[in-house]
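Spelled out from the first residue to the last, the chains are:
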Amino acid sequence: MWNSEQKNIWQELKNTWNEQPQSEKINIQVSQLINEFKSKVSQFEKDSINSDIATLKLNWDKTKRNYLTQFEKDLIEKHKNTFNNLGLFIGIGTSTGISFGVAFGSVYDNIGIGIALGISFGVALGIILWLVIQKINKK
Amino acid sequence: MTETFEQILENNKEKIYRICKIYTVSPLEPQDLFQEVIFAIWKSLSAFKGNSSIDTWIYRITLNVCLRSKQKSEKTYNKTLQLESIQFIPLVIPIENNQQEKYIALSSCISKLNNENKSIIILYLEELKYKEIAEITGLTENHIAVKMKRIKKILLDCITNKI
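Chains as they are written, first to last, in our numbering: chain U, 1 to 139; chain D, 1001 to 1163.
Mixed in with the good hints there might be a few duds.
[What the hints assert, rightly or not] Think about it this way: if two alpha-carbon atoms lie no more than 30 Å apart in a straight line, the pair counts; the simulated DSSO-like pairs of lysine-lysine are:
no., chain 1, residue 1, chain 2, residue 2
1, U, Lys25, D, Lys1070
2, U, Lys14, D, Lys1070
3, U, Lys25, D, Lys1043
4, U, Lys38, D, Lys1013
5, D, Lys1118, U, Lys25
6, U, Lys40, D, Lys1070
7, U, Lys14, D, Lys1162
8, D, Lys1152, U, Lys14
9, U, Lys40, D, Lys1049
10, U, Lys40, D, Lys1013
11, D, Lys1015, D, Lys1147
12, D, Lys1015, U, Lys14
13, U, Lys14, D, Lys1131
14, D, Lys1131, D, Lys1118
15, D, Lys1131, U, Lys7
16, D, Lys1162, U, Lys7
17, D, Lys1015, U, Lys38
18, U, Lys7, D, Lys1015
19, U, Lys14, D, Lys1153
20, D, Lys1112, U, Lys14
21, U, Lys40, D, Lys1021
22, U, Lys14, D, Lys1013
23, U, Lys40, D, Lys1043
24, D, Lys1149, D, Lys1112
25, D, Lys1013, U, Lys25
26, D, Lys1013, U, Lys7
27, D, Lys1131, D, Lys1015
28, D, Lys1129, U, Lys7
29, U, Lys7, D, Lys1153
30, D, Lys1021, U, Lys14
31, D, Lys1112, U, Lys25
32, D, Lys1049, D, Lys1021
33, D, Lys1118, U, Lys7
Derived by calculation from the structure, the hints in this document are not laboratory data.
Only chain D is shown next, with the shape it has when bound in the complex (with noise of 0.2 Å):
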């Protein structure tokens, strides 16, 4: 077991760590959020059962996780976890600026869209088809490809402007 969740981290941090920086709302840091996700990925698998693939599961979870995070008060935000064995290194690696300025431009679009569209173009970016997009979201793969369309242009039109 620990090795897969090894296995489960090593292939996924990335992945969920971006979608943290999305979701993460003030007072809470990204690093935050991605502990809490990972402390639920630990939590549920003993209960995955493989019905799904484990990256349509590791999407479902992480979503789930930051989508309650923006429900948490001031109150509840010193209850967070505070794990000592997940360290953030900085990087020091020069960064494109242009890339930097698309990247700036492309997230503060997203975070911007309410949080279904939300979930939805974040599942789009990350490469997944509209039907493992409709299994993550519980929503039809018609009904995915429908608010695709429209979501696009919402987005397109928002970074257009900033670009």
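Looking at chain U on its own, in the form it has when it is part of the complex (with noise of 0.2 Å):
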């Protein structure tokens, strides 16, 4: 008895709830409205990829500044120490092989020969002087 009640009474608010008074009729052109959405996607399309383009800028700008800068400038420098050792003695070897090699071309009246026998052997001797000063450091 109070079971069957119950149902009545909930199907009677499923029915005020289904026929609800209709205060408007809804009207949808469709063809036009998918029009609509389109650019509205579009739109939506934009503004998210302007969106993640900022986030990759800001991304990036941190990336630079913090994490890459620090390990690029480690590895940079260390870079540049064994470019910069090599020049110092690519420099000393040169410079030697001028010395001798001026000292050579007078002695046999070329000292234009000289001169270019003394830089390439110097340049030869410097990177051999660096190469070794190299595995006596790994080492």
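Both chains are given apart, each in its own frame, so use the hints to dock them into the complex.
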């Protein structure tokens, strides 16, 4: 009895809900609606892409400033030292070579060939010395 | 796809609007919410795989959009869609006072429930089975049954006081 009464009450409430008084009629122009949606979506996509670019830019700046800079700095510093050392050895080798070349050229009366040979010899000597030092450092 | 979308709108627009009316919170109007729901359905239509019935899917989208809309602030209100292709034409049909009164009492009592209970009772009033309600809300069927007992009691007490 109670169950049946409850059922009736709820059926009545369901009817009230489903047959609620309509105050307005909904008219939808579907083809026009789809066009409107498409235009909204492309705007939405543009906004979304711009937002993504802004995020990427922000993160890239952060990366450059924080993480990578430190890493890069260390790496660049290391390479800079290596190349500085190479330059130094080549410089020493070349000046030594030029000195020998001038002396050699004076003896054989051909300073030009003496200097050219001295430079080649000096550069080669510098590189060899640098390689030797690198090997010693690695050990 | 256009035809399917048109059919979906035609078959479901009334029930979507019924739900929107319950969830609308100022400054939003039910019409704004309705447009948001239709937009969401259109955007998700290509992703609908048919794993659930179209009705279940429509209810899920509608409730999700309605629940999200409650979090919208005044600031985002201006960003709501303004679609010219959806028109709401006022009807001048004589409304039975008794029916109107019952509806106002019912909707006012539903509005007082929390979001979860509100969704459950709306789906129940929409004549969905517990299994379908469970599928939409993500709760178990047993949980729905237990909750329904409580919600029914709260709602009946509220309505009895109002009518």
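Quick check: which numbered hints come out false for this structure? The structure conflicts with no hint, since it agrees with every one listed earlier.
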